[in-house]
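Colleague: Listed below are the residues making up each chain.
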Amino acid sequence: MRILGISAFYHDSAAALVVDGDIVAAAQEERFTRKKHDAGFPHHAAAFCLEAGGCDMAGIDHVVFYDKPFLKFERLLETYLATAPRGFRSFRMALPVWIREKLFQKGLLRERLRRIAGGEAWNGSLLFTEHHQSHAASAFFPSPFERAAVLTMDGVGEWCTTSLGVGHGSRLEITKEIHFPHSLGLLYSAFTYYTGFKVNSGEYKVMGLAPYGEPRFAGLIKDHLIDVKDDGSFRLDLSYFDYCTGLTMTNGRFDALMGGPPRKPEDRLGQREMDLAASVQAVTEEVVLKLARGIARSTGERNLCLAGGVALNCVANGRLLREGVFENIWIQPAAGDAGGALGAALAACHGIAGQPRAPRHGQRDLMKGAYLGPEFEQERIEAGLAAAGARFETLPEQQLIDATAEALADGKAVGWMQGRMEFGPRALGGRSILGDPRSPTMQKVLNLKVKYRESFRPFAPSVLREDVAEWFELDGDSPYMLLVADIAEKRRRQMTAQQQALFGIDKLNVARSEIPAVTHVDYSARIQTVHADTNPRYHALLSAFKARTGCPVLVNTSFNVRGEPIVCSPADAFRCFMGTGIERLVVGNCFLRKEDQDPALVQDYKDRFELD
Amino acid sequence: MEFLSELWRFMRARKKFWLLPILLMTALFGGLIVLTKGSAVAPFIYTLF
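Chains as they are written, first to last, in UniProt numbering: chain A, 1 to 612; chain B, 1 to 49.
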C-alpha cells in the first residue's frame with residue numbers, strides 16, 4: 001500500500017511517501033523552490049517522492065493531509081468571537097484568505113494532485129489527520145520502541161498545542177491535550193518576537209543566545225505569564241499577549257512587565273536579550289520536564305517519543321535525557337511541520353489502513369538516518385557541475401576521503417554534498433559545510449565569511465559514534481543532532497579569572513576546550529553521532545580526519561547561507577561555494593578547489609536571500 | 001455542494017450548529033471583503049492560518 005503524506009499552506013511544506021510501512025522518501029518543498037519555509041503546495045517534493053517510489057499518482061492508494069482545515073477555522077471563529085470586538089482588524093485580514101482558499105482545501109488539494117498526475121483527474125482516497133495526531137505518529141511509528149509514551153508540543157495545530165499519548169505496536173492513542181490559546185510554543189515565539197527575531201524561524205537563535213545570559217526574568221515569567229501545575233499542564237495569562245486578536249505576539253502590558261519595548265530586528269543584541277532568552281529557555285525546560293514526569297507517572301512507560309516544533313529545542317531534550325525521567329528518548333528529526341507529512345502518512349498506514357507495524361528487535365529506528373531526500377548519480381553530478389562552469393577532478397573513493405580530510409586538517413572550510421538529502425532542518429553530513437573544530441578561529445570565520453550570520457551563533461559537532469563518550473558527556477546515540485550535552489571534563493580548558501569575568505559575546509572568543517569551534521559558552525554542544533551503517537562515507541571521512549589529527553570530531557553546519565534553504569542539487573552547491581568563503585567543495589566523487597575556479601563565476605551571494 | 005455537505009457533517013460531528021449563523025454572516029462579510037479588495041494576502045501572524 002502506497003501512501004503520500006502532504007503538509008502545506010502554512011509553512012515548511014513537505015511530502016513523504018510510505019510504502020507498506022516503509023519510509024521510502026521525504027523532502028521539503030523549500031529545497032527545490034529555493035524559497036525558505038516555502039508554504040505552497042509541495043509539487044516538487046511530491047513529484048520527487050513518486051519518482052523515488054517508482055510510481056505515479058495512479059499507484060497511490062491514499063493521500064493524507066497533515067491537518068484539518070475546518071477544525072482550524074472553527075478555532076479562528078471561536079477565538080474572534082470570544083475576543084470581539086478587539087480582534088476585528090486581524091479577523092478582517094484573515095478572512096479573505098480563508099474564504100478564497102483555505103476553506104476549500106479539499107478541492108484545492110485534488111486540483112494540485114491532478115497537476116502532479118499530468119492533468120489526469122486523481123480520484124483516490126484523500127484523507128485528513130489532526131495536526132498533533134500527525135506529529136505523534138511521526139514520533140512513535142518510526143521510533144525504535146515497541147511501546148512508548150508520546151509527547152508533542154508546538155505553537156498550535158487546530159486547537160491542540162500539546163498532546164500526551166501512548167503508543168503500543170500499531171496503536172497510538174492520544175490521552176490528554178492542552179488547547180489554544182495556552183501554548184508553550186507560542187510562549188517561546190512571543191519571546192522570539194520580543195527579542196527581535198522572526199517568529200517561526202528565529203526560535204533556535206533564542207535557544208543559541210540563552211547560554212550567554214542569566215535567567216533573571218524566569219521568576220517574572222512564572223509569576224505573571226504562565227501558571228505551571230505539577231503534572232506540567234499550564235495556562236498562559238493572555239492579558240500579556242496579542243496573538244489572539246492582534247498582529248503582534250506581545251502587547252504593551254508585556255513590554256511594561258519586561259521593562260521596555262521589543263528589540264528591533266537587526267539592532268545590536270545586548271545582555272538584556274541574552275537574559276530574556278536564558279529565562280524563557282529555563283521556563284521551557286521546566287515545563288517540558290514536568291510534562292515528561294507527568295506522563296511517565298500516568299503511563300508507567302520507560303520510553304518517550306517527542307515531536308512538534310518544541311521538540312527541536314535540543315537543549316531541553318538534553319536536559320530531559322540527563323534527568324533520567326525516561327530510560328530512552330527518541331525525537332523525530334523532522335519534528336516541525338514538515339515532519340507532519342510523514343506523520344500523516346504513517347498515521348493513515350497504521351491507524352486507518354490498519355497495516356501492522358513491524359516488530360522492533362533492538363534496531364535503531366526506521367528513519368534511515370533521515371537521508372530520505374533526492375540523491376544524484378555521479379554522471380549527473382559531473383554534468384551539473386560542468387554546466388555550471390565548474391573546474392573539478394573526479395577522484396576514487398579513498399583518494400577523495402584523504403584529500404578532504406587533508407583540507408579539513410589544514411583549516412579549510414569544506415562544502416560536503418553526498419548521497420541523499422536530509423529530511424528535517426538539520427544537515428547531517430549529506431548537505432553540510434565542514435570545518436576543523438580544533439581551530440580557535442573556525443567559529444568566527446564560518447559565521448562571518450561563510451554563513452554570513454550572527455557571530456553569537458554556535459556550531460554543532462559531528463562525532464564518530466564509537467568515540468562520543470571520549471569527547472562528550474554522552475554515551476548514547478544522537479544521530480539527528482537533537483540532543484545537547486557537555487564537552488567531556490577532560491577535554492575542557494581551565495579559564496583564568498579574567499576570562500571567567502567576561503560577559504555575553506566576549507565569552508565566545510575564549511577557547512574553552514580542545515574543540516573550541518563547537519564548544520558553546522556553557523561548555524555544551526549539540527551533538528550528532530555518525531554511524532557507519534547510515535552514512536558510511538561521512539563515517540569514513542571522520543575516521544580519516546581522526547587518523548590525521550587524533551580528533552574524531554568535525555564542525556558540521558548546514559550547507560547554505562543565512563536565509564537560504566539548504567542546498568539540494570550539485571548546481572545549488574556550486575552556487576553557494578562560489579558565493580561564500582568555502583574553500584573546497586566535494587560533491588559525489590568530484591573535488592573542487594576555490595583557486596581553480598573561474599573568477600568570473602564568483603557571485604555576490606550574501607544579499608540574495610531575505611534574512612531569517 | 002460537496003463543500004456544503006462536508007461543512008454540515010462537520011457541524012454535526014462537532015455538535016456546533018450554533019456556528020451556522022456565524023458562518024453565514026462570515027461568508028457574507030468575507031464575500032464583500034474579497035469582492036472589494038484586490039489581494040487576499042494576509043500578514044504573517046502565527047495563529048491566523
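It cannot be assumed that every hint is accurate.
[Unchecked claim] Beta-carbon label-pair distances, calculated as ranges:
(1) A:E375 - B:L24: 47 to 57 Å
(2) B:M25 - A:D56: 42 to 52 Å
(3) A:E214 - B:E2: 15 to 25 Å
(4) A:G169 - B:E2: 58 to 68 Å
(5) A:D255 - B:P21: 36 to 46 Å
(6) A:R253 - B:R9: 34 to 44 Å
(7) B:A13 - A:D56: 40 to 50 Å
[What the hints assert, rightly or not] For lysine-lysine, the following BS3-like pairs were computed, each having C-alpha atoms within a straight-line distance of at most 27 Å:
(8) A:K176 - B:K15
(9) B:K15 - A:K222
(10) B:K15 - A:K368
Keep in mind the hints are simulated off the structure, nothing from the lab.
Here a beta-carbon is modelled for each residue, glycine too, at the ideal position from N, C-alpha and C.
Colleague: Hints first: check each against the structure and report whether it holds.
Modeller: Here is how each hint holds up against the structure:
1. A:E375 - B:L24: 47 to 57 Å: Between A:E375 and B:L24, where Cβ atoms are some 52 Å apart, the hint holds.
2. B:M25 - A:D56: 42 to 52 Å: holds (44 Å)
3. A:E214 - B:E2: 15 to 25 Å: violated (57 Å)
4. A:G169 - B:E2: 58 to 68 Å: violated (36 Å)
5. A:D255 - B:P21: 36 to 46 Å: holds (38 Å)
6. A:R253 - B:R9: 34 to 44 Å: Check passed, 42 Å falls within 34 to 44 Å.
7. B:A13 - A:D56: 40 to 50 Å: violated (34 Å)
8. A:K176 - B:K15: Holds, at about 21 Å.
9. B:K15 - A:K222: Violated, because 36 Å separates the two Cα atoms, which is more than 27 Å.
10. B:K15 - A:K368: violated (43 Å)
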